[in-house]
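Undergrad: Just so you know, the sequences run in chain order A and B.
Our numbering numbers the first residue of the first sequence as 1 and each following residue consecutively.
Our numbering numbers the first residue of the second sequence as 1 and each following residue consecutively.
Bear in mind the hints are in silico, worked out from the structure with no lab data behind them.
There's no promise every hint is true.
Stretch-level coverage of chain A by chain B, calculated; a stretch enters the list once three of its residues show a Cβ under 8 Å from a Cβ in chain B [unchecked claim]:
#1 167–180
#2 358–371
Partial selection, computed: residues in chain A whose CB lies under 7 Å from chain B [to be verified]:
#3 R35
#4 T276
#5 G427
For each residue, glycine too, the CB sits at the ideal point set by N, CA and C.
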Amino acid sequence: MGDNKLKEFLNKSRELQNDKQAAELQHKKGKLTARERLKYLLDADSFVELDAFAELQSRELEHKKRAGDGVVAGYGTISKKPVYVYSQDFSFMGGSMGEMHNKKIVHVMELALKTGCPCIGLLDSGGARIQEGISALDTGGRIFQLNTLMSGIVPQISVVLGPCAGIAVYSPALTDFIFMIKNTSYMFITGPDVIKTVTNESIDFEGLGGAKTHNEKSGVAHFMADSEKECFDMVKALLSYLPQNNLENPPYYSSDSKAREAKKLEAIVPEDSKKTYDIKDVIAEVFDKKSFFEVQPLFACNVVIGFARLDGNVVGVVANQPKVLAGCLDINSSGKISRFVRFCDCFNIPLINIVDVTGYLPGTEQEHDGIIRHGAKVLYAYSEATVPKISLVLRKAFGGAYIALVSKDMGFDKVIAWPTAEIAVMGAEQAVSIINRDELSKNPKSKSELVEQYSEKYLNPYAATKLGKIDIIIEPRNTRIALIKCLEMLLSKREKRPAKKHGNMPL
Amino acid sequence: MEELIVKVDGRDYKVFVEETEEGKIIVHCEGDVYEVETKKDVEQSAVERLHKKQSVEEGKVEITAPLPGIIYEIKVKQGSNVKQGQSLFTIMAMKMENDITSPKDGKIKEIKVKKDDNVSKGYVLAVIE
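Chain B on its own, in the form it takes in the complex:
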């Protein structure tokens, strides 16, 4: 608990502020108890939740080329187990090595391209199960 002197309309008040285990803020002032919600907390939690949103695909998923380019690197083999977000291929396009990542945890069922292949947008690179 923290002790603070707060000036409101020219008068000094002695208040005690405590933070509970659930992160709530309780203010004690002249025998009254108030539960306080800080403006920042409400907004902050909304902002943070926004960042966490991600969709997970289910079942058999085809990995397709998001843009036209050249297969620069194949990082997995048929039968490899992969995790969501793991890099599977790099496609050289727009002067960059673009990472193609796995949308889900699973097993590579089939790889349909080889190094230096020219792929168009939407071309199926691999199938994950």
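If we strip away everything but chain A, and leave its shape as in the complex, we get:
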């Protein structure tokens, strides 16, 4: 009798593994099933399923019941390191989030938190399961709470592989990184139909909340892939830079010579500070070969952020991109930098800034949209970060941008400058027209002479070195070697802060 029951149970379990109905439905749309996705993402045979037989509890929906309740949850390994995962099954009631469905997700999240392992959600769901009423909503709230508790303890990654609408969008939004797929992923609070009835505005799914929209315009997503498989490869690549939790160091992996001179730098960066160049060429030359993994490559491109390796150690790079909007700091790039800096600080990833910028973007649009409070985020994030912080000044570092990205008094541990560095409150012409206003009104012709005097006196790294604001001035070719030495010296850095519940970051 007992044996028969066990046999029946195991048969059912096998059936679940091989869900033909789901495969047909998903494959028709060019998508993988929930289980196929996990198979591709995780190391072979590493997946262990949890709560496979959980099913919905509501009596009215008795006829719809299916084991698993529309989500496959469990744990496995990626590159031999344990991760917790859940994968929503769109073929069952549109992947909708019912009570048991949510509880399964919560279970996996709690285990990730307890064991200090990354948590990866593969999302493909139409939102809350309306038929189940308020209990479906409430358990959803528990997911948000756990997302928040886990934040800064284990890395959380969301991969949006289909629709993600209504309240379902907020769980990914609370995680560290969001991946989306071109033409198949959508995220929005209200869909095109509702928008049409309320505001009479016509827009399609892709334009409203597709991968492109969220990667380029809204900055909600961090990565865009062409296909599901490519996306999972990107997730694996990202994980190779991250520690398992906030108590570990990121994985070390050396692939480049420590003593390599960065010879191309002089040719890449023009000496004339009015000329632009591509900062990504500089990054490629300085850090370990091909190690730069850019985050949000399509959003606020005036600032480039991402993970790289320097003599095998993972670092977070923040660099101005002179090619786009003169590399200025504006509202979008401020948000982009701050969130990245805080992520790196949570997970013991040292920060390296590459600075070449005149400052925050002037203009009414920026001022009225709140550049003051958004720009303050950058100051807050850097001041708060206790990981090693190194700043490299290539050419310009003026005013507010200097304080935000370079200032030792604000907490940068080490500042390195090229001989072409210009560190000042503002550019020569603007400074002269303020300082020498009286003189200029009497004798306007003296301007060029005054500009030259100011430039000679202030627009070079030597004046700043005398004040101890810059530690060393180096030849560009020695940049890589100098940064490696700084990092080695700083890797053991520990900094204690006064105890508090939490700060009140400008948002």
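Use these hints to put chain B onto chain A, whose structure you have.
TA: Leaving out everything else, chain B in the frame of chain A:
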């Protein structure tokens, strides 16, 4: 094919490693053949693909000023054929000569500014077809 001696758990194994034309790595060891995927390859190709992503616009496109500034140089004429990524204008702003490049291959239909014009953000500089 390369011959290597690999020590695993104190025992020496003689293995032969070959790289096929498709870049796959095949390891022969004591009569068994294994296809090996290096961890670096998977990650590397993902990183490289990330760098290649670029969007191409289609149809008639208006070139607008990405930031407020002064038109410093106009590098094309009405009717010129341009390629994607080619520099069309430079705008002097934030103490820099900012290159405005073409988002697509096409023909300049109209240029709406002249040298030394003051432009605000979003101002239409040219139309490409």
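Undergrad: Double-check A:G427 for me: the hint is only fine if its C-beta lies closer than 7 Å to a C-beta in chain B.
TA: holds (5 Å)
Undergrad: How does the coverage statement for the segment 167–180 of chain A fare against chain B, requiring three or more residues with Cβ below 8 Å from a Cβ of that chain?
TA: That given contact is violated, which follows from only 0 residues of the segment 167–180 of chain A lying within Cβ reach (below 8 Å) of chain B.
Undergrad: Holds or violated: is the Cβ of A:T276 closer than 7 Å to a Cβ in chain B?
TA: holds (6 Å)
Undergrad: Three residues minimum, CB to CB under 8 Å: does the segment 358–371 of chain A make the cut for coverage by chain B? Let me know.
TA: Contact hint for the segment 358–371 of chain A vs chain B: holds, 6 residues under 8 Å.
Undergrad: For the restraint on A:R35, tell me whether the closest CB of chain B is nearer than 7 Å.
TA: For A:R35, the interface hint is violated, since the closest Cβ of chain B sits about 21 Å away, which is over 7 Å.
Of the numbered hints stated above, those contradicted by the structure are hints 1, 3, listed in ascending order.
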